[in-house]
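Visitor: Following the hints, put chain B in place on chain A, whose structure we already have.
Residues per chain, in single letters:
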Amino acid sequence: MLIINMVGNLEEKARNYYILAVIAETFGMTSEAATNYFKALFAIDDAAITRIGKAPKDHTERFEVLKASFPNLYRITDRLFSTYRRTYTKDLEKGEVALVKKQVEEAFKYAKIELPKNEEIRGRIEEIAKKGKFSG
Amino acid sequence: MKRLEEELRKLLKKESFLVDIILFGSAMKSKERPGDIDACAIFREKNYEKIENILYEITNIGKKMQLKLHCEPLVIDNIYKEPLYASLLHEGYSIHNRKALREMLKFESFILLTYSLKDKKPSDKVRFSYALYGRKKDGILHKIHGKEVGKGTVMVPIDKIEIIRELFRQWNVKCTEQRVVLFK
Numbered sequence: 001m002l003i004i005n006m007v008g009n010l011e012e013k014a015r016n017y018y019i020l021a022v023i024a025e026t027f028g029m030t031s032e033a034a035t036n037y038f039k040a041l042f043a044i045d046d047a048a049i050t051r052i053g054k055a056p057k058d059h060t061e062r063f064e065v066l067k068a069s070f071p072n073l074y075r076i077t078d079r080l081f082s083t084y085r086r087t088y089t090k091d092l093e094k095g096e097v098a099l100v101k102k103q104v105e106e107a108f109k110y111a112k113i114e115l116p117k118n119e120e121i122r123g124r125i126e127e128i129a130k131k132g133k134f135s136g
Numbered sequence: 001m002k003r004l005e006e007e008l009r010k011l012l013k014k015e016s017f018l019v020d021i022i023l024f025g026s027a028m029k030s031k032e033r034p035g036d037i038d039a040c041a042i043f044r045e046k047n048y049e050k051i052e053n054i055l056y057e058i059t060n061i062g063k064k065m066q067l068k069l070h071c072e073p074l075v076i077d078n079i080y081k082e083p084l085y086a087s088l089l090h091e092g093y094s095i096h097n098r099k100a101l102r103e104m105l106k107f108e109s110f111i112l113l114t115y116s117l118k119d120k121k122p123s124d125k126v127r128f129s130y131a132l133y134g135r136k137k138d139g140i141l142h143k144i145h146g147k148e149v150g151k152g153t154v155m156v157p158i159d160k161i162e163i164i165r166e167l168f169r170q171w172n173v174k175c176t177e178q179r180v181v182l183f184k
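Read top to bottom, the protein sequences are chains A and B.
Mapping of the first sequence onto the working numbering: residues 1 to 136, in sequence order.
Mapping of the second sequence onto the working numbering: residues 1 to 184, in sequence order.
A hint or two may mislead.
Subject to a maximum C-alpha distance of 30 Å in a straight line, what follows is the list of computed DSS-like cross-link-like pairs (lysine-lysine) [as the list claims (entries may be wrong)]:
| id | chain 1 | residue 1 | chain 2 | residue 2 |
| --- | --- | --- | --- | --- |
| 1 | B | K50 | A | K39 |
| 2 | B | K50 | B | K136 |
| 3 | B | K14 | A | K101 |
| 4 | B | K14 | A | K94 |
| 5 | A | K101 | B | K29 |
Calculated from the structure, these hints are not laboratory results.
All of these numbers come straight from a predicted model, not from anything done at the bench.
The following block holds chain A by itself, in its conformation from the complex (with noise of 0.2 Å):
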């Protein structure tokens, strides 16, 4: 039952942080849009591992369980993990966050894991507008 709670919540986090980095991108916000797809990426992974049962301790471990249990996700992450490491420095180009993006997408797609779609982005932004949260 807990391991169950905690892949829903890292899949959940995984579509917020999708979201927030798509919102962040439509404003024209790269460096926030490439570190929420990161982050998107990071919760996919770590769903795809809980939901094995598994627990890494560190990056080393997370890697050799997503290389042995889920290569597409390993790939991916993999790949993109050196543009990651260039974020903490240095501002990622529109167009590399436009890859990133694809390439986070296809992990949601591996990890069986809705994408968030274009209409439930717009129905969040319409709803944190509504609360008034920006009216101080």
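Guide: Chain B in isolation, oriented as in the chain A frame:
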């Protein structure tokens, strides 16, 4: 390092989209055990998919040799906007040309090092000076072809800077550094 160079050279031959791979950072500065190897791949144009594929190949070459190889991409059109470019000119080694960029451009790269021994005991000041300059100009500075510029200021060839940094670390001597270029 030689094997890494060979592998990167093979990749350069295969990928015409890739102009050069420049090695830089501590591994090129005589550091005894460099933790990471820094590289910069220079590309002809902004094709991010191609760039990413090649960067991944470069990372994998490092992985196969159990090296922590970090590669930064640089597109030729952006080269003048990129602060890294100045460092590459100063200390970089071109895989394509098998030479340091400074060698090709005919200049010498140094680090101007300014230090103070104010907080040291007189005996330590003498011992440190012997280690750095030697009694008869046979200290580390001369062995690595460094130059004494003035009191508390020396100029060290960029590819040997880690040797001097290590000496300063051992003696706990604080210093400031500034990059210098001398045209031949």
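Visitor: So, for every hint listed, does it hold in this structure?
Guide: Hints and how they fare:
This hinted pair checks out: K50 of chain B and K39 of chain A have alpha carbons roughly 24 Å apart, not beyond 30 Å. Between K50 of chain B and K136 of chain B, the direct Cα distance comes to roughly 56 Å. Violation of the 30 Å bound is thereby established for this hinted pair. Distance restraint check for K14 of chain B and K101 of chain A: the Cα-Cα separation of roughly 28 Å lies within the 30 Å cut-off, and the hinted pair is therefore satisfied. For the proposed pair K14 of chain B and K94 of chain A, the alpha carbon gap of about 28 Å is at most 30 Å, so the pair holds.
Proximity of K101 of chain A to K29 of chain B is assessed by CA-CA distance (about 38 Å); at most 30 Å being required, the pair is judged violated.
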